[in-house]
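Colleague: Protein chains in written order, with this note's numbering: chain F, 738 to 910; chain Z, 1315 to 1411.
Covered stretches of chain Z, going by a simulated chain F footprint (3 or more residues, C-beta under 8 Å):
1) 1331 to 1343
2) 1355 to 1367
3) 1370 to 1378
For each label pair, taking beta carbons as the anchor points, the in silico distance ranges come out as:
4) Z:Tyr1398 x F:Leu768: 23 to 33 Å
5) F:Val782 x Z:Asn1402: 34 to 44 Å
6) Z:Trp1411 x F:Glu889: 35 to 45 Å
7) F:Arg819 x Z:Trp1411: 25 to 35 Å
8) F:Val741 x Z:Thr1400: 43 to 53 Å
9) Z:Trp1411 x F:Ala862: 54 to 64 Å
Note that these hints are calculated values from the structure, not bench results. Beta carbons: idealized from backbone N, C-alpha and C, even for Gly.
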Amino acid sequence: MTEVLFFVFAAVALGGSLGVVVSRSPVSSLLFIVATLASTAGIFVLLEAHFLAAIQIMVYAGAIMVLFLFVIMLLNLGHDYRGDIRGRVAMIFGFAVTGGMGGLLARQLGSGSAGLETNLGAGDAIDAALLEHGAVGAIAQPLFTDYVVAFELTGILLLVALVGALVLAKKAS
Amino acid sequence: MLAESLVLAGLIFVVGTLGVIVRRNVIIMFLCIELQLNAVNLTFVAFSRFVGIEGQLFVFFVMTVAAAEAAVGLAIIISIFRHYETVNVNRFDLLKW
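Okay, chain F solo, but in the shape it has when bound (with noise of 0.2 Å):
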């Protein structure tokens, strides 16, 4: 069941990022990004990662994604249909650029994926947490002891991020 359902978010997940890229729409590209966002979801809660996976559909899915869809119905971008794929020498750098990637990484997997499977305790220690602290305290009890200087640090990029977003965006005076 499991494996199926994996396989199922897999395709759907992969399909997705091949839509974003060859779609000629920015709102299309836009909905299919949303369907690999929350098929990668999926795949999270297959990986016991409950938490992640509600923050990723309600803030990235939802809250980022629709920052994206209001940037492009503000600029009036939805019914631009012309091609804007690059010419013949950016395609040919691009396909090879990303052949060398796809080739390296089927070497390492092939070279070395027979290790990856034993578990070394880890997923059990995460198991139990899971158990004891539920979903949300399995992350919050190592975020607010042993990284909670780097939980304040990102409260203020947050607020340099917004004050940066408003100063840019503002129309010039």
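The hints should help you fit chain Z onto chain F, whose structure is shown.
Modeller: Chain Z in isolation, oriented as in the chain F frame:
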């Protein structure tokens, strides 16, 4: 399922890279960058089954940085669009010689 997740993340990352290189619409290039971030998040979650809960914490921070990056990037896109009235990156040639 770990190895399959890593393969899927690698494939999504490669497709995102292809999109950034091949497309000229700056919003779609930005969406492809989000696709790459998402692929890396999937890698972190898959490895958290292998290394520990820190992988999931990293994904939490990556999502926060992605939100900040989207806000600032879209503000830059709006400000460029006001100047050039287009989203085609070939027309953004102020620094080209």
